[in-house]
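Heads up: the protein sequence lines correspond to chains A and B, in order. If you count the first sequence from 1, position 75 lands on 74 in numbering that gives the first Met the number 0, and the numbers rise without skipping. If you count the second sequence from 1, position 1 lands on 0 in numbering that gives the first Met the number 0, and the numbers rise without skipping.
No lab work stands behind these hints, which were simulated from the structure alone. Just so it is clear, CB atoms sit at the ideal spot from N, CA and C, and this is done for glycine as well. Since no wrong hints were added, every one of them can be taken at face value.
Pairs of lysine to any residue, SDA-like flavour, derived with a Cα cap of 20 Å:
no., chain 1, residue 1, chain 2, residue 2
1, B, Lys137, A, Ile195
2, B, Lys138, A, Thr144
3, A, Lys29, A, Ala67
Listed next, with one range per pair, are the computed distances between beta-carbon atoms:
no., chain 1, residue 1, chain 2, residue 2, range
4, B, Pro46, A, Gly3, 48 to 56 Å
5, B, Ser3, A, Leu105, 48 to 56 Å
6, B, Val395, A, Arg80, 51 to 59 Å
7, A, Arg80, B, Asn134, 22 to 30 Å
8, A, Arg80, B, Ile6, 33 to 41 Å
9, A, Leu185, B, Gly52, 18 to 26 Å
10, A, Tyr93, B, Asn134, 35 to 43 Å
11, B, Ser136, A, Gly188, 21 to 29 Å
12, A, Gly92, B, Ala181, 44 to 52 Å
13, B, Pro51, A, Leu105, 42 to 50 Å
14, A, Ile56, B, Asn134, 40 to 48 Å
15, A, Ser123, B, Thr180, 28 to 36 Å
16, A, Arg113, B, Gln85, 54 to 62 Å
17, B, Thr180, A, Leu76, 42 to 50 Å
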Amino acid sequence: MITGIDVILVAILLSVLLSLASSRMMALVKIMALQGAMVSIAPLLLDPQSRLGNEGILYFQLMLLIKAAIIPGLLYLAVTRVAIKREVEPIVGYHASLAVGLGLILLSATITRRLGIALSGDSSLLLITAITTLGGGLFLMMSRTKAITQVIGYLMLENGIYLVGTALTKHAHNLYLVEFGVLLDLLVGVMIMGIILHNINRAFDDVDTAYLGQLKD
Amino acid sequence: MLESIFILPLFTGLLALFLPVRLGRVVLVAVALLHLQLTVLSWLHTPAPHLPGYFGNGPAGFLVLLVTSFIFVCIAPYSVFYMREQEMQSEPIFLGCMLLFLGTMSMAALADHPIVLWIAIEATTLVSAPLIFINRSKKALEATWKYVLICSVGIALALLGFFFITLSQGQDGGEAKLTFTALNAAARQLDPLWLRTGFIFVLIGFGTKMGLAPMHTWLPDAHSEAPSPASALLSGALLNCAFLGIYKVHTLMVLAGLGDFSGSLLIGFGLLSILVAGIFILNQPDYKRMLAYSSIENMGVIAFGIGVGGLGLYGAMLHLIHHSLLKSSLFLSAGNLVLGFGSKLVAQCGGMVRLLPRTFCSFFGGFVGISGLPPFGVFVSELLILTGAFQTGHPVAAGLFIASLVLVVAGFARIVTAMSFGPSREELLVREETMRILPPWTLLLTSVLLCVWMPEPLYRTIVDTIALIGGTIHG
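Excised from the complex, chain A in its bound form:
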């Protein structure tokens, strides 16, 4: 039987693959907005009963606002205002990245099967999606040259962590643990503000971390 949560999770998986293959900055930002929206909706569909408390609804709206509106909005501002070239400029090519993404899905499935004993049955697809998103984010950070793509990679990593948290701790909601993941968005916000607010653009001709390579041994 296909349920709502499955659809969302598959869409998140596809968004990871799409982001690895996309060559345009603007497309990448749009994908991240979509992914943010779906990631914040996922816990609601997963566990409809336990989430209906007042705090739960407030928190859910906050998540949606931050992940689907504020952060992508800031990214959009950064791409348009800071005159970033519209291409992504990968170190690893798009097709190779896509292959890595597919490999990541396989790897996550293996890890999930290993951990499966300790988990209740219905969350295995969630865990596969979560680990893939996490790994995809890390890969994106390492395989793209621009500072802003690194931030996008970090955002994806963070989405993955949020999903892992939801997958694993959904039976212990009274602990308020996953919710603190929202503080990571603060870091993302600070990084994007760093790019937008004069600094990186003024110090370099381009927001390209290849320029950030002067300090080394």
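Assemble the complex: chain A is given as a structure, and chain B must be docked to it using the hints.
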């Protein structure tokens, strides 16, 4: 009372961002003194926290807090006199962020809830980033960007690690309290699989912040680009706070009967850090980067000491104290050198012994101390760690440890000799000044003093800290 230790600097730090510079300087020094008093008072009387689910007065936290607070008292007046020599447009930001930095580090030291600890460590990243960027140069920007990005990834992984540790309480363990104290008490009932996974993620996450190789890449850049008082604080205090996070989880692992697993991981990362630092120090053209690599080496020594256990635990705690004292002293001396010679390159600063005799005394003294020679405390602590390593049956690791240390000392000695006795420059940009000499000297003297006479309460705190995981002074 207990919470006021971190609320005071956080509040005054926010205030100092908007105060005029002169008043801000006064506030910085005053808060530093007040913070030390509060810390010592609560250390001696151990008041109960107002929020017992989130903060605690454990001995490990107080050890880190004491070191932080003492170093800050020495750094605060130094930075006032350092800033007077520098043209800086944004000094209120510097003063405010120093205080906020102190506040977040104190919060990390007092945290008992894993998530509170995590939040405090994340906050240290946020408030110390402006300190590194304060010079607004191209290189400072690069260092800050690396610092924020790499540490953010580390912090994210540490959060994941804490998820796993929570999960070890069981899938329906929602009723259990989530504090380190409660976890320690129920350590045997925790699920070992999730604990192991959690420890690995916390070690990698906080290890990034602590500067363990191979996650150390941000550290030399950040420490060399930040102004010297901030570098001293980063190296002498921040690294300890990150270490505290790892140490608390390691304690949990030992109590859960998984001490061998976490211990060998710590030994591995520790040795790798010492080795990497030794290799990079050998031909280092920049003396602040050399000091930064030395911090990586010393963090490796601490991780190694904790990993081997037994007598090594006492050695590691002693090493933490003495490394903080000596390294912040060295960074403050390096600040005088930067002011005097206007350069961070070894090649540009010959003849320190003639031009800056008093700074030479503190810099050379710091070098002797950090290399593990008597009469400074690092000699004792490294000896104890070595003894511990042999006693607990790690002879190969101990051999590697000695070899790597020799590498570090060799590199360090070459640089210090060149700077002290090399061909001297004609003149200085800024002369040395008593108020910028006294703090590094005080830190050095404290290290010597603690080596010959250890106050009873401090000794008790160290012993209490390590007693939880079976460390004793008698091996």
